[in-house]
Structures are given as C-alpha cells and as structure tokens.
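> Protein sequence lines, in the order shown, are assigned to chains A and B.
Its first residue numbered 1, the first sequence is counted upward by one per residue in the working numbering.
Its first residue numbered 312, the second sequence is counted upward by one per residue in the working numbering.
The hints are simulated quantities; they were obtained by calculation from the structure and are not laboratory data.
One or more of the hints may lead you astray.
What the hints assert, rightly or not - Simulated DEER-style distance windows between Cβ atoms:
#1 580/B x 40/A: 41 to 47 angstroms
#2 420/B x 236/A: 55 to 61 angstroms
#3 334/B x 234/A: 37 to 43 angstroms
#4 398/B x 252/A: 48 to 54 angstroms
#5 275/A x 391/B: 49 to 55 angstroms
#6 334/B x 166/A: 31 to 37 angstroms
#7 357/B x 177/A: 25 to 31 angstroms
Note that beta-carbon positions come from the ideal geometry of N, C-alpha and C, so glycine has one too.
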Amino acid sequence: MKRPPKHAPARIASTADLRLFQRMMGAAVIRPLDANDNLQAKWIDGRPMDSVAAEFIKPNDRLTAFERLELYNQMYWSRLFDSIRDDCPGLVAALGDAAFGRLAQAYLAVRPSRSFTLRNLCSRLVQFIRDNPRLTAPRTPLAIDIASFEWAQTVAFDGESRPVVAASSLARTPPGRLRLGLQPYVTLLDLRYPIDTYVMSVKRREAMRSEASNTPDSKVVSRRSARRPPRPRRARTLVAVHRLDNQLFYKRLEPGAFRILGALAAGATLTRAVAAAGPKARAEQVQAWFTSWMALGWFCAPGNKRSRRAS
Amino acid sequence: MPANRFNGHSDYGIGIGLRVPHYSHILSKKPVVDWFEIISENFMVEGGRPLELLDKILEQYRVVQHGVSMYFGSADKPDRTHMRRLKNLVKRTNTPWLSDHLCWGSVDGTYTHDLLPMPYTFAAARRTAEKIRQVRDFVEVPICVENVSSYAEFHASEMTEWEFLSEVVELADCGILLDVNNIYVSSKNHSFDPYDYLNNIPHHRVGQMHVAGHTKFEKYILDTHDHPVLDPVWKMYAHATKLCGVSATLLEWDDRIPSFDEVHNEALKANEFIDGAKKAVV
C-alpha cells in the first residue's frame with residue numbers, strides 16, 4: 001500500500017479522493033496493535049490517533065471515532081492471526097505462542113496480504129524468516145524447515161494438477177531428449193530436521209485437544225495432552241509433500257531419488273537427471289523409483305524451469 | 312420478486328451456506344435442501360480436494376456463488392486474473408446469479424480481508440457502479456450486491472446508506488442481496504430506523520435475502536453469524552418479504568456451527584414468514 005495522505009480528504013468527489021480515503025483508513029486498519037492489543041495512540045506522523053480518526057470517522061453517542069476505528073483494527077489482526085495460526089500449527093508448537101505471535105506480527109506488518117484469499121497468507125513466510133533470523137533465534141533453521149513444510153502442505157492441498165504423462169509417450173522419446181515436469185502440487189524438501197513426523201505428532205496432539213474439549217472430563221485429558229511434542233533433533237530428511245486421491249501425503253526420498261526429481265523439476269533431460277543420482281544408484285533401484293512416481297501421477301509435461309526444491 | 316432478471320429468473324427457495332463441518336453429513340445423508348450458497352473464493356483454486364468436493368455437491372444440489380473479495384467499492388481497478396478465476400467457477404457451478412458486497416477492502420493491491428464500509432458519496436457510487444458493470448459484463452451472469460453491517464460512519468458521506476445502495480444499483484442496473492440482519496446491526500450501531508431502510512430501497516431489484524444471527528456488546532452489535540436469527544430480524548424479514556416478494560433466502564451461520572439439521576431447521580423458519588407475507592398479499 002502506498003503511503004497514506006497526511007489527512008483524509010474532507011470531500012470525496014472523485015475516484016482519486018476515494019483512493020486517498022481508502023489509503024488512509026486501510027493504513028490505520030492494518031497497522032499493528034499496541035502492546036495491549038489496542039489501536040496505537042499515535043499516528044505514523046506522531047499526531048494523536050484520536051484526532052486523526054476524528055478527521056474522517058464520526059463518533060456516536062457510545063463510541064468515539066478512535067474506538068470505532070479500533071474495532072476494525074482489532075478485527076483485522078484477530079482474523080489474520082487466526083488464519084496464520086491455523087496454517088502453521090507446527091511453527092506455533094516449535095516456537096511457542098509468544099515467539100510465534102511476535103513472528104506473525106512482524107511478518108504481517110511487513111508483508112500484508114497481497115492476495116484475494118487468506119490461503120496465500122504464508123506464501124512469503126519462509127523468505128521472511130530467512131531475512132529476519134533474529135525473530136526465530138535460536139531456532140531459525142528449524143523454523144525455516146517447518147514453515148517450508150507447512151507451506152508445501154497448502155500447495156499440495158489445492159495446487160494445480162496437470163495431465164499426467166502416459167508411460168507410452170515416455171517410450172517414444174529418447175532419454176537424451178526427454179524432459180518431464182513435476183506436478184505443481186508436489187514440493188521437494190531438503191530438510192535439516194524430520195519435520196514430517198514432527199508435524200504429524202503436533203496434529204495428533206491438536207486432534208486430541210479438540211476431542212478433549214468435547215468430553216465431560218476435558219480438564220484432565222487436556223492437561224495431559226497439553227504437553228507439546230518435543231522439538232525434533234537434527235537429521236537430514238528428504239521428503240516430497242504431495243497428494244493422492246486428494247489426500248495429503250509425505251513421501252521420504254533417498255538422496256539419489258531426490259536428486260533425480262530435483263534435476264527433472266529443474267528442466268534436465270531424463271539422461272542427465274538419472275546421472276544426477278550418482279554412480280552408486282543401481283539401475284533396478286532407479287527403475288523402481290520411476291515406477292512408483294509414475295503410479296503416483298507425479299509427472300506432467302514440463303512447464304517453466306524454476307526449481308521445485310526447497311530447503 | 313420470486314424470479315427476476317437479477318437472480319436469473321430463478322425461484323430457489325430457502326438455502327444454507329455450504330460449510331466444512333457439514334460436508335460429510337451432506338455427502339453421506341444427502342439431505343433435501345433447496346440450494347447451497349458457496350463462498351466463491353474457497354473454490355477459486357487450481358485443484359485438489361475443494362474442487363472434488365464441489366463437483367460432488369453439484370451432482371446433487373443447486374449452488375449459488377457468494378463472494379467476499381471483489382470489493383466493488385475499492386478505488387482499484389478490477390483484477391482481470393481474479394475475474395477470470397471467478398468466471399471459470401461460474402462455468403463450473405452454473406450459478407444463476409452471483410453476489411458480493413457493497414464495500415471495499417483492498418487498496419493498492421493490499422487486502423484487509425474485511426468488508427469495510429463505504430463513504431456514501433455520489434463519486435463513490437459512480438465508481439462502484441462502474442466496477443459492478445465491468446465485472447458483470449466479464450462473468451456474464453447477473454450480480455446482486457449485498458449491504459454490509461458496519462461499525463463506523465464517515466464525515467465525507469453525502470447520503471444515507473440506503474440512498475447510497477439505491478444509487479449504486481440504479482447506476483449499475485444490478486440486483487440487491489438484501490441482508491436483513493446487516494440492516495438491523497447497522498441500525499443499532501448508527502441509530503437509524505431499520506424500517507426506513509427497508510421502505511426506501513428499490514424493492515423490484517431484490518434478488519436474494521440473507522438472515523443471520525448477531526452478538527450484542529455493551530456499546531455495539533457485531534455481525535457474528537454464530538447464533539440463531541433473533542426475533543427483530545425475523546420481523547424485519549417478514550416486512551421485507553411483503554415489500555419485495557418472496558426471494559431466495561439464505562441463513563448464514565459461519566462460526567460455532569451446530570449440526571446440519573439445526574442450521575437447516577433454523578433456515579426453514581423463514582417459511583413461517585413467507586407464508587404470512589403470501590396471505591397478506593392475498
């Protein structure tokens with residue numbers, strides 16, 4: 001959003017006036033709350049916020065202009081926090097509520113939503129964590145891995161599915177010329193931690209808590225289940241996040257398999273991709289991998305050559 | 312108006328919103344429902360489970376699209392990529408009309424994901440009507456715009472909310488999705504008579520109605536959609552039905568969602584008021 005005007009227009013007589021008005025109110029609505037989760041007392045130029053709000057919002061007999069604007073400001077942050085927490089249960093569990101809250105507020109303040117849908121709210125979170133490692137220190141590598149994994153789940157849930165390449169068409173093209181694309185909903189992740197098992201244990205805990213809240217002795221159950229799963233220990237994990245029959249799946253990959261898929265996704269020919277597996281990869285092993293990937297429907301016509309690997 | 316050009320000359324009866332907690336019940340029990348309203352944005356995706364589910368629903372039920380992010384009142388131009396996605400969904404659902412809100416919520420491409428109230432000015436009405444026309448011409452289905460609930464009013468406004476709504480729909484030549492609960496909520500927040508609102512809009516343009524529950528706080532009312540419909544709102548719905556005729560009606564219940572049957576039975580209460588309105592006409 002462009003910088004708001006110093007004052008909201010007193011009259012709205014044109015689309016340009018309307019835009020200035022919306023920049024003013026929009027900037028106020030998305031501005032971070034203060035430490036007490038209220039509208040900040042000062043505007044960006046240092047003026048008292050109550051006088052700034054009163055310039056364009058009418059008070060009524062119960063609420064001041066400041067209080068009316070505050071309702072929208074608080075609803076904005078409540079809505080976005082709820083959304084980002086729903087999308088990142090693993091990150092919440094690993095960082096804790098307070099640190100996650102600080103990360104989310106900083107992220108949304110710098111990277112407000114640029115999409116019509118909240119589905120895309122976390123699309124830039126991994127890069128933001130990389131660019132601002134202090135916010136997640138000393139667990140930044142873990143936070144990057146979890147955020148990558150959780151965004152990959154969003155992509156796998158409703159990402160594009162392209163026509164699957166038929167085995168017969170593969171046979172018609174020499175391997176030295178054959179290029180294959182990976183389905184857009186498949187993400188390859190080179191992780192420093194076993195995030196797949198960690199996120200699954202977090203989700204199991206969340207499910208237990210949800211069930212517990214519906215039982216008569218919920219206090220006992222929820223106290224027992226409130227313990228968060230221990231954070232994972234470092235262990236390099238290569239995984240593909242994908243879907244099958246519209247259900248989410250995580251598939252562990254051997255290093256050779258990961259390199260082949262990565263090379264194909266980056267636009268390499270089949271010959272070069274298989275060579276990327278390394279000299280230790282046995283032919284029958286590579287054959288078995290391809291059989292499995294074909295059965296999963298992972299291959300489509302190549303699209304752009306952007307790498308689908310993330311780490 | 313039971314069927315008019317703003318709702319595709321359809322006569323849809325009483326529907327409810329298609330919501331996640333009810334998916335398995337609907338797919339397994341196949342309850343009789345006149346129609347479902349879907350949030351367009353939930354299905355403007357590239358693939359996966361949402362579209363599979365939608366296709367299963369479409370095999371059994373009539374669906375109407377309701378949007379939350381077109382932001383007809385934003386000064387920004389309509390986003391053509393967004394409109395293309397919307398049109399693709401329209402082709403999939405065969406919605407006889409589609410609706411979105413008379414509000415704004417994005418500026419310079421930054422989204423608040425809220426339904427922010429408009430300054431009620433003639434210039435804003437002209438801009439809003441122009442965008443409604445552009446979207447309608449692109450997606451090629453009738454559009455009904457919904458009045459929103461609001462918690463703020465602006466010094467710049469030059470007219471009442473119902474005058475602004477009337478100005479916009481006349482300039483755009485579009486329909487109205489009359490949200491009776493939103494009128495009630497705003498009337499309490501801004502101290503106007505909700506019947507003045509109902510009595511002074513172009514009734515022949517109403518293509519659909521919404522009813523919903525709300526939550527009272529000490530100094531204001533919030534449009535929470537997490538309760539049954541309150542009596543004053545049903546009373547207003549009965550009055551609106553007398554004025555506008557029997558329109559496609561939908562109950563919104565979006566938070567703390569109870570069982571499917573509870574939501575559907577709450578929606579079907581509208582029949583009592585529809586019958587009353589019909590008798591009054593006879």
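> Now look at each hint and say whether the structure bears it out.
Each hint, compared with the structure:
1. For residue 580/B and residue 40/A, the hinted distance range of 41 to 47 angstroms is satisfied, since their beta carbons lie about 44 angstroms from each other.
2. Separation of residue 420/B from residue 236/A is about 39 angstroms and departs from the stated range, judged on CB atoms against 55 to 61 angstroms.
3. The hinted window of 37 to 43 angstroms between residue 334/B and residue 234/A holds, with their beta carbons roughly 39 angstroms apart.
4. Under the hint 48 to 54 angstroms, the C-beta atoms of residue 398/B and residue 252/A, about 41 angstroms apart, miss the expected range.
5. A beta carbon spacing of about 43 angstroms between residue 275/A and residue 391/B contradicts the range 49 to 55 angstroms that was offered as a hint.
6. Distance hint check: the CB atoms of residue 334/B and residue 166/A are about 33 angstroms apart, consistent with the given range 31 to 37 angstroms.
7. For residue 357/B and residue 177/A, the Cβ-Cβ distance of about 29 angstroms falls inside the hinted range of 25 to 31 angstroms, so the restraint holds.
Violated hints, in rising order: 2, 4, 5; the structure is consistent with all others.
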